[in-house]
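Undergrad: Now for the letters of each chain:
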Amino acid sequence: MPAQLFEERIEGEEKIEPRDWMPEEYRRTLIRQISQHAHSEIVGMLPEGNWVTRAPSLKRKAILLAKIQDEAGHGLYLYAACETLGVSREDLLSELHSGKAKYSSIFNYPALSWADMGAIGWLVDGAAIMNQIPLCRTSYGPYARAMVRICKEESFHQRQGYEIMLTLSRGTEVQKQMAQDALNRWWWPSLMMFGPGDADSVHSLQNLRWKIKRFSNDELRQRFVDMTVPQAELLGLNIPDPLLRWNPDRNHYDFGPIDWDEFWNVVRGNGPCNRERLHDRVNAHEEGAWVRDAAIAHAIKQRNRQAPVAS
Amino acid sequence: MKDWPLYEVFIRSRSGLNHKHVGSLHAADPQMAIEHARDVYTRRMEGVSIWVVESSRLHASDPTENDAFFEPSQDKIYRHPTFYDLPDEVKHM
Ligand SMILES: [Fe+2]
Ligand SMILES: [Fe+2]
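Chains as they are written, first to last, in our numbering: chain A, 1 to 311; chain D, 1001 to 1093.
What the hints contain is simulated information worked out from the structure, not anything from laboratory work.
In this text the structure is predicted, and so the values were computed from the model without any measurement.
Any given hint could be a false lead.
Stretches of chain A that chain D covers, calculated by requiring three or more beta carbons in the stretch to come under 8 Å of a beta carbon on chain D [unchecked claim]:
id, region
1, 13 to 26
2, 85 to 92
3, 297 to 305
Derived pair list, reagent style EDC-like, types lysine to aspartate or glutamate, alpha-carbon separation capped at 20 Å [said to hold, decoys possible]:
id, chain 1, residue 1, chain 2, residue 2
4, A, 15, D, 1065
5, A, 152, D, 1003
6, A, 301, D, 1039
Backbone N, C-alpha and C fix where the C-beta goes; we use that ideal spot for every residue, glycine too.
One chain only, chain A, in its complex shape (with noise of 0.2 Å):
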């Protein structure tokens, strides 16, 4: 009966709240995305945070710093829409910390220079777009309304990337060298982003009857790629794929194949920084542990000293 109830909801476009009934196995689902993707924002501010003092300007410092915050707002939103199924932000941490959970295995790749911020703003941050803007008509309650508000923080943070892409382009030789370079770099990884082929994609067919997720990864990719090639050849710059080719046919590009035994070596753990990625997390997680335990000894000592005051 319940069971029932819940697919007419599903059907019938309506959101699921916590509280409702729901399978175990769409709790699971749930959990499992939202805190993948609430890791990917705490672990996708490291790549970033090893430019804040190197940025070329004061201007561009700031901007970075605000992206960075940004994401790290988006993984307490996600943090907080995935408690509400019943797990605890301890567990969801241990869980990242043991290398147990994943997340996106875009942050495994290094940032070297500073048109790495440039690329990573215009790619990676449009194709996590890309993939977010239909999650906030996802079935669940929480997870749409947190996707509401990072899409509309999003937007800056792939404009942002971009006007350094296309400062760097009309910039000297060397800059606009940089700035392929990056391009080079960045490329494939971002079209792996979008996760396996639907052939091969385990939880797809479900996650999409649920409407936990809205559309397949081909379908989010090919998305991307029309979107993006126009971009690359408004910058000058050139796409690193041979195959890449507008098909009148299809009114899509064509692109060539992804190295999937590369993104597979790099979610197992053997990308170039996931040791590096796990490390600093880690750490910083360990060393605030002092900053967490004075702020709990301190408001004890508040409760203990005064009443609580009505407003």
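Since the structure of chain A is already known, use the hints to place chain D with the ligands on it.
TA: Structure of chain D with the ligands alone, referenced to chain A:
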């Protein structure tokens, strides 16, 4: 108290509007909850006032009882203005 408790955050976006639930966050005490709420939920001038309440202090209706619980409001259509058939000549009503 090992973990910071969870707080629900409510924001008034402009004066004249209700506070609206926007999400939740963990904090050691109410003051910190308000400051964190400012930092994550009002970075782009989304609010002029913030309320926080410890989630454990919140009481809610039970969604599995919805049919019975909200039933009294379903059969009283005479509470709606459209229930009353009046001649077209009546103006301003
Ligand atoms: Fe984000
Ligand atoms: Fe972003």
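Undergrad: Would you mind marking each hint as holding or not holding in the structure?
TA: Hints versus structure:
Chain D is given as covering the region 13 to 26 of chain A, and this holds because 4 residues of the stretch bring a CB closer than 8 Å to a CB of that chain, at least three being needed. Restraint check on the region 85 to 92 of chain A versus chain D: 3 residues with Cβ-Cβ distances below 8 Å, three needed, restraint holds. Given a C-beta distance limit of less than 8 Å, the hint that chain D covers the region 297 to 305 of chain A holds, as 5 residues qualify and 3 suffice. Using a Cα cut-off of 20 Å, the hinted pair residue 15 of chain A and residue 1065 of chain D holds, with the two alpha carbons roughly 18 Å apart.
For the hint pairing residue 152 of chain A with residue 1003 of chain D, the CA-to-CA distance comes to about 30 Å; that exceeds 20 Å, so the pair is violated. About 24 Å separates the Cα atoms of residue 301 of chain A and residue 1039 of chain D, which puts this hinted pair outside 20 Å; it is violated.
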